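Protein sequence lines, in the order shown, are assigned to chains A and B. The numbering used here applies: residue 27 is where the first sequence begins, and numbers increase by one. The numbering used here applies: residue 27 is where the second sequence begins, and numbers increase by one.
You may find that some hints are simply not true.
As the list makes no split between identical chains, a pair holds if one copy fits it or if it spans any two.
[As the list claims (entries may be wrong)] Cross-link-like lysine to any residue pairs, in silico, SDA-like; alpha carbons within 25 Å at most:
| no. | residue 1 | residue 2 |
| --- | --- | --- |
| 1 | K58 | S220 |
| 2 | K72 | S220 |
| 3 | K170 | M159 |
| 4 | K72 | N219 |
| 5 | K100 | D51 |
| 6 | K100 | P221 |
Derived by calculation from the structure, the hints in this document are not laboratory data. Note that the structure is a prediction, hence the values are computed from the model and not measured.
Each chain, letter by letter, is given below.
Number of protein chains: 2
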Amino acid sequence: MVNQSQACTKSDIAGASFSIHPMSDQFIEIIKGALKEVDTSKVHLKTDDITTTVRGKLVHVFDVTKAAFIHAAKTGEHVAFQATYSLGCPGDSQGEAYMDADETPLNSNDVKDIKQPVASKFSLYPLGGGDYMDVIYAQIEAMKKHVTVSPAHYSTRLDGEAVAIFDGLENVFQATVEGGSSHTVMTVSISANSPSHKGETKND
Amino acid sequence: MVNQSQACTKSDIAGASFSIHPMSDQFIEIIKGALKEVDTSKVHLKTDDITTTVRGKLVHVFDVTKAAFIHAAKTGEHVAFQATYSLGCPGDSQGEAYMDADETPLNSNDVKDIKQPVASKFSLYPLGGGDYMDVIYAQIEAMKKHVTVSPAHYSTRLDGEAVAIFDGLENVFQATVEGGSSHTVMTVSISANSPSHKGETKND
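Chain A with its partners taken away, still in its complex shape (with noise of 0.2 Å):
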């Protein structure tokens, strides 16, 4: 797959590509522990050497990927959390099974009380027309009850709650569809207990 944003057909079906990666040499017991954590019975899952790959609706793709990290970062280390989203386009068929689950996600109840602060940006790219911006608008000032939010390089940048940064990512996706994007991209990056955290440096 060249170029995603080619020759869409159009599915309703989710997905995300996503990797944890824990800053310790016990980088593949925090994977392993946090995965074996994550009920991911209502999507399909595939783990290589660079990604996971989930498929199903996109609330159970949530669910999944904000489960897996927040297991992974309770543990206390340096984890950090590359995501992208992505919704309408390919329009392969792997995983279409998934889509008939109900919509009730399995793992929320898990992690909604866990705190973890975290730190992320985030992008997001419609890439298949539609009216969307007053809807991904509202989105963000919602969020912002909840996370803070600022303006970054090529990003928005939300510091908050690990839950809270994550329901409203998936509202900002969800609303984006809804607004008539056929091909919705959004990519996500997450650091949790960063020793630099609030630390800057640069060279000009």
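Following the hints, position chain B against chain A.
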């Protein structure tokens, strides 16, 4: 910056927001050590607690990110690299002074002979129109002389030497820009020295 595809001002300044994640207790030393080996004098560089942003001419943005990753990976630790490369938008001016730099990359000679096999995935999002598909395909074909190219969900997978992969990514990005895309975004994930290299698990 809520949305990179709106209100774009044409600019030739390229940039990348990237992270290097060594899965090691020595992550601080590895990151700082790698950055110390990179000559960043031809780019605007700013590091915060989530990502490092570099801005300047495209050739230097790739040169600096390639060198930073390779110097981290050559430690032999499992190192993951994530980057979003962008050109054309947002059209803000921070770092514009670095557009006066000449075209000679400062780090290319230092890393060109370092053997570092990696696995990577990239996605290209030409957001600004243009007629670029032929040039993209030509560059992908050219890449196949040096690296293994295969499809992956939401991305294209590349396996091979880090230097060849970075050079191929730069060529593809450059070709997209030259094909008339006024706003080009490329996301890249690279994994070096992974214990799970070649290993795959899936739940279906």
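Checked hints:
For the identical chains of this complex, K58 and S220 are neighbours both inside a copy (21 Å) and across copies (15 Å), given an alpha-carbon limit of 25 Å. Within a single copy, K72 and S220 get their C-alpha atoms only as close as 28 Å, which misses the 25 Å cut-off; across copies the closest is 17 Å, which meets it. For a Cα distance limit of 25 Å, the shortest separation of K170 from M159 inside one copy, 17 Å, qualifies, whereas the shortest one across copies, 40 Å, does not. Taking the shortest alpha-carbon separations for K72 and N219, only the inter-copy value of 20 Å comes in at or below 25 Å, while the best intra-copy value is 27 Å.
Taking CA atoms no more than 25 Å apart as the test, K100 paired with D51 passes in both settings, with 16 Å inside one copy and 17 Å between copies. Taking CA atoms no more than 25 Å apart as the test, K100 paired with P221 passes in both settings, with 15 Å inside one copy and 24 Å between copies.
Violated hints are absent here; each numbered hint is respected by the structure.
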